[in-house]
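Chains as they are written, first to last, in the working numbering: chain A, 1 to 101; chain B, 1001 to 1394.
Do not rely on the hints blindly, as some may be mistaken.
To be verified - One side only, chain B facing chain A, incomplete, derived with CB under 10 Å:
| # | residue |
| --- | --- |
| 1 | H1066 |
| 2 | Y1240 |
| 3 | S1368 |
| 4 | F1369 |
As the list claims (entries may be wrong) - Every beta carbon over 10 Å from chain A, so not counted as near; a handful from chain B, in silico:
| # | residue |
| --- | --- |
| 5 | E1040 |
| 6 | S1043 |
| 7 | D1063 |
| 8 | K1089 |
| 9 | I1101 |
| 10 | G1105 |
| 11 | Q1125 |
| 12 | R1164 |
| 13 | Q1198 |
| 14 | T1205 |
| 15 | V1286 |
Said to hold, decoys possible - No more than 20 Å apart at the CA atoms, straight line, and that leaves these computed lysine to aspartate or glutamate pairs for EDC-like:
| # | chain 1 | residue 1 | chain 2 | residue 2 |
| --- | --- | --- | --- | --- |
| 16 | B | K1246 | A | D62 |
| 17 | A | K33 | B | D1063 |
| 18 | A | K33 | B | D1358 |
| 19 | A | K33 | B | D1315 |
| 20 | A | K23 | B | D1063 |
| 21 | A | K33 | B | D1357 |
| 22 | A | K82 | B | D1315 |
| 23 | B | K1337 | A | E71 |
| 24 | B | K1251 | A | E27 |
| 25 | B | K1251 | A | D21 |
| 26 | A | K45 | B | D1358 |
| 27 | B | K1337 | A | E27 |
| 28 | A | K33 | B | E1040 |
No wet-lab data here; the hints were simulated from the structure. Just so you know, even glycine gets a beta-carbon here, dropped at the ideal spot from N, CA and C.
In case you want the letters, here they are:
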Amino acid sequence: MRRRFLLLLVAAGGVAAGEPDPKRQQELRSLLKNDCGACHGLTRKGGLGPPLLPESLSGKSDAMLLQTIQEGRPGTAMPPWKPFIDADETVWLIDNLLRKR
Amino acid sequence: MLNRLLKTSILPLLIYWLLGGACFAELRGTGDLGVVIERERGSVLIIETSTRSILGRVGKLGDLSHASVVFSRDQRYAYVFARDGGLSKIDLLQNKLVRRIEQAGNSIGGAISQDGRFIAVANYQPGGVRIFTSEALELMADIPAVYGDEQRSRVVGLVDAPGRQFVYSLFDAGEIWLLDMQDPSRIEIQKFTGIGRQPYDALLTPGGRYYLAGLFGETGLALLDLWHPEAGVKRILPDYGRHDEKLPVYKMPHLEGWAVAGNLAFVPAVGRHEVLVIDTRQWRLVKSIPVAGQPVFVMARPDGRQIWVNFAFPDNQQVQVIDAEDLTVGRTLQPGKGVLHMEFTPRGEEVWISVRDDNQILVYDTRSFQEMARLPAVTPSGIFFTARAAKTGL
């Protein structure tokens, strides 16, 4: 249902990416904390993966972050998250979670 | 004024002292105690396995994601290594924090020396190893993991080894370092370079002869025979999975939970949903056992009859049990969402399993697979029992 809505938006040339519903937002928050946290740290200060704090990402483009999260980085430990987080959700995650404290 | 102060402060103190004094007067051992990490709260629970109960909680320990614990040889104190570089010493008998220091910016774990005198911490930031006295947590030595052009590497897979040694791997440098602490005032370092790309964790075989580092950046594992360090580091299973596409790894596997049954060692494959069975006499692959996901911990029940396995996201709601004789998965359990760790009671009749998202610790009987107890814990992760104090490499 939600997916169809997003598709419609895109088809209509809408620029605003769809916002995940509140339940999904909560899931993404906990995914970031727990599952990204396994490599980037619970507080995102880094571990096996680099820090993901707003200041560490400030010079990096949304497009690059989106690409990295969706596709992973082959040859490194960063896996692709495409199977679990779609592109719109990733955009939301970058804007609302990664770029904020 | 003084009078009031006395009344308000001394009376409760007196009562506390009388009651507290009575509590501490009860003599007890610590052999059936342990700690459970509560990762988001930054606290640990002190638990007792005999009664399957929680005795207390100690907090303010910092960022405990990926925290680990070692025990003093008298099994009274737990040393907690926090992600944020914190090192805490906890008194299990008095249920209190003895001392906490912030020794680095980002760390991954540690070890206690064979003689119990020193605590070594593996740091990511600044990359290296720092060594402290176990008594007072005073800095004894700082050993930067420098390689190449004055770069610093993150350190992983730090273990204690016989002969008052520590062994660890340099993730970014692809090296293994052997620290000889025989004379603590003159620590000697032996470096093994070019051991393979991105060693991500390591383990020591029971007894402490072989140090085995898992490689993320290439196939196989790096093996150092501590009886013959002069022979250098050897690559084992060099061709395993070389020609296959790797599956994505959503959580790095661990090697600390060494699993040995007779002459067989069980280790998680990387990027494959398999547990590898290795013959430790020739260091050759015997079998790869298909399992439910990317294995994270692969742990043998202390008698070696069963191997318990948990998994990375998105398969982390289950646990599988491998039969050590026929080398197949005999059981699949569903403890709940976010199974992070398992720990056997000292002789293995029960296993404690932490289930992060359910905020529970489950205790199973390892023979009947019956659930014996559920204990509340806030986002529990690592579980560590004091029996580890007597085990080299844990």
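Just checking, B/K1089 versus chain A, shortest CB gap more than 10 Å?
Nearest chain A Cβ is 22 Å from B/K1089, so the label holds.
Would the non-interface assignment of B/E1040 survive a Cβ cutoff of 10 Å against chain A?
violated, 7 Å
Between A/K33 and B/E1040, does the CA-CA distance stay at or below 20 Å?
holds, 9 Å
Beyond 10 Å from chain A, beta-carbon-wise, is B/D1063?
B/D1063 is in fact no farther than 10 Å from some Cβ atom of chain A, at 6 Å.
For the hint on B/Y1240, does the least C-beta distance to chain A fall short of 10 Å?
violated, 19 Å
When the least beta-carbon distance from B/F1369 to chain A is tested against 10 Å, hint result:
violated, 27 Å
Has the given pair, A/K23 with B/D1063, been kept, meaning a C-alpha gap of at most 20 Å?
Not satisfied, since the Cα-Cα distance of roughly 26 Å exceeds 20 Å.
So, as I understand it, the hint says B/H1066 touches chain A; can you test that by seeing if any CB pair is closer than 10 Å?
Holds - the Cβ of B/H1066 comes within 10 Å of chain A, reaching about 7 Å at its closest.
Does the claim that B/T1205 lies outside the interface with chain A hold up, using a Cβ gap greater than 10 Å?
holds, 25 Å
Consistency of the no-contact label for B/S1043, given chain A and a CB cut of 10 Å
holds, 14 Å
Hinted pair A/K45 and B/D1358, Cα distance within 20 Å:
violated, 26 Å
Minimum Cβ-Cβ distance from B/Q1125 to chain A exceeds 10 Å:
Per Cβ check, B/Q1125 is inside 10 Å of chain A; nearest 7 Å; violated.
When each numbered hint is compared with the structure, violations occur for hints 2, 3, 4, 5, 7, 10, 11, 13, 16, 20, 23, 25 and 26.
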